[in-house]
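Trainee: These are the residues of each chain, in order.
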Amino acid sequence: MGDIILEIKNLKKYFPLADGRTVKAVDGVSMKLYKGETLGLVGESGCGKSTIAYTVVGMYGASGGEVLYKGTDLAKKGYKRTLKQKGEIQIVFQDPGSSLNSRRTIEKSMEVPLDIHDRMPKEKKTERIEELLEMVGLPKEYKSKMPRNIGGGERQLISVARALATNPELIILDEPTSALDVSVQAKVINTLIELQKKLELSYLFITHDLSLMRNVATRVAILYLGRLCELAPTTEFFHGPLHPYTQMLLSSIPVVTEEEEAIKPGQIISQGEIPSPVNAPKGCTFHTRCRDCMEICKTEMPVMTEVEPEHFVCCHKYKAKG
Amino acid sequence: MKAEQKEAMIKNWYKFSAGGVSVIGLAIVLLIILLAVFAPVIAPYPEDAGAVVKFAESSQAPSMEHIMGTDTMGRDVFSRLLISLRGSLLMGVLVLAIAVPVGFVVGVLAGYYKDTWVETVLMRIVDIFLSVPALVLALAIAAILEPNLRNSMIAITIMWWPWYARLSFGVASSLRTENYIVYAELTGAKLSHIIFKEFLPNTFDQILTKMTLDMGYVICMGATLSFVGLGEQPPMPALGNMINDGVKFLPEMWWLAIYPAVTIIIIVLGFNLLGDGVGNIFNVEGK
Amino acid sequence: MEEKTNVLEVRDLSVSYTVANVKTHVLENVNFSVEKGKSVGIVGESGCGKTTTMRAILNVLPSNGTVESGEILYNGENILNMPNNKLQDYRQKGAGMIFQDPSSALNPVISIRNQFLEALKYAHKDKKLTKAQLLEKAAKALEQVSLADPDRILNSYPFQLSGGMRQRVCIAITLAAERQILLADEPGTALDVTIQDQILRLIKSLVEAGELSVIMVTHSLGVIRQVTTAVNIMYAGTIVEGGDTKEVFGHPMHPYTQALMDCLPKLTGNGIAKGIPGRIPDYSSPPGGCRFAPRCPYVTDRCLNEKPVPHETGGGHWTSCFKAEEGR
Amino acid sequence: MSLLKSILKRLASALVVLLGLTIIIFVLMRIVPGDPARLALGANVTEDVLEKYREANHLNESLPMQYVYWLTGALRGDFGMSAVTKRAVIQDITDFAPATIELVLWAGFPPILAALFLGVTSAQHKNKWQDYLCRFLGYIFVATPTFVFAVLFVLVFGYWLPVMPTIGGRLSPSFVIPDITGLYVLDALLGGQPAAAWDAFLHLLFPALALALGKTMQEARITRSSMLQNADKDYITMVTSQGVPQSVVNRKFLLKPSVIPTVTIIGMDIATMFGNAFLVERIFNWPGLSSYGMTAILNKDTNAVCAVVLIIGLAFTLTSIAVDIVAMILDPRMRQKRTR
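Protein chains in written order, with this note's numbering: chain A, 9 to 330; chain B, 122 to 408; chain C, 76 to 403; chain D, 31 to 370.
To be clear, the hints were calculated from the coordinates, so they are not data collected in a lab.
Any given hint could be a false lead.
Simulated restraints, written as ranges between beta carbons of each label pair [stated by the list, open to error]:
(1) A148(B) to E131(A): 41 to 47 Å
(2) V186(D) to I387(B): 17 to 23 Å
(3) G390(C) to G280(A): 38 to 44 Å
Here are the simulated SDA-like pairs of lysine to any residue, each with C-alpha atoms no more than 20 Å apart in a straight line [what the hints assert, rightly or not]:
(4) K212(C) to H199(C)
(5) K175(B) to A157(B)
(6) K153(A) to E142(A)
(7) K153(A) to I131(B)
(8) K311(B) to Q204(A)
(9) K136(B) to T93(C)
(10) K282(D) to H199(C)
(11) K349(C) to I201(A)
(12) K35(D) to G50(D)
(13) K85(A) to G309(B)
(14) K175(B) to D366(B)
(15) K116(A) to K175(B)
(16) K148(A) to G353(C)
(17) K113(C) to G390(C)
(18) K43(A) to Q204(A)
(19) K168(C) to M194(D)
(20) K282(D) to D319(C)
(21) K132(A) to S110(A)
(22) K153(A) to V173(B)
(23) K369(B) to M194(D)
(24) K196(C) to N280(D)
(25) K168(C) to N139(C)
(26) K311(B) to L122(A)
(27) K311(B) to Y87(A)
(28) K111(C) to N139(C)
(29) K318(B) to I201(A)
(30) K318(B) to T134(A)
(31) K132(B) to S360(C)
(32) K318(B) to E142(A)
Yeah, the Cβ is synthetic: ideal placement off N, Cα and C, and Gly gets one too.
With the sequences and hints as input, model every part of the structure.
Mentor: If you want it as structure tokens, here you go:
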């Protein structure tokens, strides 16, 4: 493993509600992101995966914990990110309809980061925009188009190109392909993989799609109700998922081939629903849906344990082993 | 590229003319503008737009010579009507030229800073202006200032900007969580960039539609003020004061009041129809 | 004999829309059928005409849509020219649809309870059920779709529920009507994968119990494989391949189906294909021959000029493709 | 309950707005060029009298203090003396307000039903003659300024087809009715005088129509377009596809969401009527608050102007609160929105 580019330590993000209660969107998450890797952050709606992304990128402040980017704590109270850091950490959003201003040409949208980070004369700017378009595999004529005249996948590629404009090192990918058809997703994903190799980018890839992560991520982290359940290198993760929630998640995926069917943990039937993060269950937050629930699970919160090298799981079942 | 633009134009024209009536609106508005611009040339008696007295021709019913008749001073109603179009249009343009930018900036700021004190303060001010019928406060303001055309414009402008603030507030507060706005913030864009480069193009459709409709309503309110004597002062003609003069001679000299009244209706109608068509292009509902 | 077991049959259905004076030919000669107590799937990507097909089956196309030709037979009768009362009867007891977009399919200003009551009142009008009995059905359906607190849901307005909950409410309203045929338009889009799994299993169990015939429309090949026994692959308003689900997914023959399968990320890894170049055609002037021809890697002159017809390759598996027909 | 809470919130914000309005009015009052004391008393009084007047009206204090005095006075109903009528402004207002209220009530509320009827009819007969007629009249009426309506009515119904009571006022002098609510039609009915009630109604009819016609057609237009817009929504298609008969769909599922936009603009429309009443009352000789205000404005009677503006602001605020409450009852979503 290489250098650590981003380390999240015990990150917490709480949102107060109007009625005085609190949503604990992220409640004590720790993980590392190595340079040049793709960390897949996977979970169902309300698990806090996007909150983590938005805290890293600076949309929210943290309620507690640290976000160390190259050793600097970006989440420290009162810390203001430098322009350089803003350029180095970029984000690609989920919704292709809203990531580009529908009233401005592609060129105008792509000028936004250039004007802020890399002021240059008009002709050079045009040149740079054409170069960026080429990097994501789009013809340079696209610069004069309006977002509504191109497809959703192409719009996402423009968002990627726009993010590349500031020479980033870490890109947060917030479900960049979940709104796209698979034939279009394929092109976007392949472009992202190529760019990563060429530019040594590190990706924090937020998604709910485990099948996609199987093909993209270096390591996979599973979130449930604002906490990590399991974190492991991809191959190991898919061949030996340990956490009961992870197993349930995997077994729920509708697949298309017999080979895939064989990988899914059998005999696990998904049940129940993710509880509201406003009053998360005591003890292990998953115990209400867990088929292996023990007495201890209802009262005591399990801790992250390294059961095998680089394979972490947060479950009482595996405590003894460690 | 060229073909694309042409295609877009054809599509827009189709949307604009879909209802049929918008084309009539466009024709009316163009006609009014032409008449206003060339009024001194077209008007048969341009000198009548002032303190002129021609006793020999006073109080004549419409005829070939005076197609809309003459008033008690013998002035040609048609000529006065043409000249008065200029003041009306000027009022519409100037009022909106000030009210729209002011309202836009206030509204967008409030919308962008929704749920903060900025929104509370700005939108409360807007609410206060909207808590009295515009006409009442405009009358009060116009009365307190010296009654003339300029001051009636000031009064109407003061009452008009809150509407644009409210419109822009609505757009900005719904767009502020759009990813392109968030992206601009995260990358370090300045406030002026966000307001004028990101929000402005997105508010433009609705503002333009409302402006087209409002041209008619501003002219209408201007006429109302001048009807009670708080606008253009006699002997200069204005749609409102011509009607007011004419009312005194109803029903015998009906032409004095009816022609200017019908003119107002046509002007407002024209801008209304045009505004509907503009709204159709952008898929914006008129008010 | 075989004809008789079909509860619903779509024959040569062509539908067009008129947008801004331009006619778009969305569906072209769509053919498929559902046997009683079976489930059939239609797979295709966005804009391929899946939802249009579903709406046509209930005769509720948007006001700018027209059925150009074809018929939709319910128990042998064409619903497209049924008298009004019969059509209503068919909608009440014959076929019902789960709408795709949960945020717009529920009336924003009417409580969930009343939306249930109104729909169920007509669906069960022959049985003379009391209000309490109807509400009981509603509560049961809500529990079936894993909504734990039916009373609270019934007392809510749509805006008080999350997207996933709304989608399940829509599903419950449709299921509680206990019709013969369920038309499911992307029933899992707003749901988390573990909940989607529960819903799919519910639908499958209803089919297996013989209570329901299902037409499921989705972009997800996996969902189709889990629920249906027969599948139709739709591309740009035409059905390009069809047959037994496992057979079609195991041996896809149409180049579009093959490409789609290759693009799909799989749990087995091995990366994903480069995607399909180009975009779906402009429906206002669709390609004269095969609609997939402009994006097809195996395209020939014949594909560009001649429309392919279904060609059976055995075991009820067929495809409309000259490549398969010519054995290339 | 959330409804009650939303209503309370709405009232609180209305209070802030009204307070803001008093500030604007006060500022307006003080930017009038010239000495307020002299404006009130006229040119032929001695400096001594002026000084006494200033003392009595706190005109020597700082501006914020003057505002506080003026506001506390206004809260007690003390708006000072009118320079025109030489009576207490509050006295004038209590005398004239009922006439305006009666006019606006008649112009504001009954036509809503007509607007809804026309809008729904127009939508249900889209692109048939009923629809074309409604839309044609809609365009014309919306484009006609209220005072033009008033002038035309006077000409047509006063002179050409004399059906309108010509002298103006609220009641023919031959009738005497009890003073109960100040609303003549109602008072006459309460007093058991149907003939008087009819006479009062006739007096009301044309001014009320002049006020109402434009707004009514606009409300009809909004109802029509929201009916048509909603008719293509998924939630309507969904109930249609469930076999709910079309008439039930229209009545139970389409009407309610479609009238909400109309309801929400009624508040604004009634407010505008208070404004337009200024002209209508003048043209029809209607002895109401607005013609009193108009006279005050033209004579620069600041005390009276301020009082009238404030009272109209109050009336408007109350109307819009009422409308908001109706909207909240109709549309549960509005209970959650931050009210303003």
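Trainee: Now, for every hint given, state plainly whether the structure supports it.
Mentor: Hint-by-hint comparison with the structure:
no., hint, result
1, A148(B) to E131(A): 41 to 47 Å, "45 Å, holds"
2, V186(D) to I387(B): 17 to 23 Å, "19 Å, holds"
3, G390(C) to G280(A): 38 to 44 Å, "40 Å, holds"
4, K212(C) to H199(C), "10 Å, holds"
5, K175(B) to A157(B), "24 Å, violated"
6, K153(A) to E142(A), "15 Å, holds"
7, K153(A) to I131(B), "18 Å, holds"
8, K311(B) to Q204(A), "30 Å, violated"
9, K136(B) to T93(C), "13 Å, holds"
10, K282(D) to H199(C), "19 Å, holds"
11, K349(C) to I201(A), "11 Å, holds"
12, K35(D) to G50(D), "23 Å, violated"
13, K85(A) to G309(B), "19 Å, holds"
14, K175(B) to D366(B), "17 Å, holds"
15, K116(A) to K175(B), "63 Å, violated"
16, K148(A) to G353(C), "17 Å, holds"
17, K113(C) to G390(C), "17 Å, holds"
18, K43(A) to Q204(A), "10 Å, holds"
19, K168(C) to M194(D), "61 Å, violated"
20, K282(D) to D319(C), "44 Å, violated"
21, K132(A) to S110(A), "25 Å, violated"
22, K153(A) to V173(B), "60 Å, violated"
23, K369(B) to M194(D), "18 Å, holds"
24, K196(C) to N280(D), "16 Å, holds"
25, K168(C) to N139(C), "27 Å, violated"
26, K311(B) to L122(A), "13 Å, holds"
27, K311(B) to Y87(A), "19 Å, holds"
28, K111(C) to N139(C), "32 Å, violated"
29, K318(B) to I201(A), "33 Å, violated"
30, K318(B) to T134(A), "18 Å, holds"
31, K132(B) to S360(C), "17 Å, holds"
32, K318(B) to E142(A), "25 Å, violated"
Hint check: violations occur at hints 5, 8, 12, 15, 19, 20, 21, 22, 25, 28, 29 and 32; the rest are consistent with the structure.
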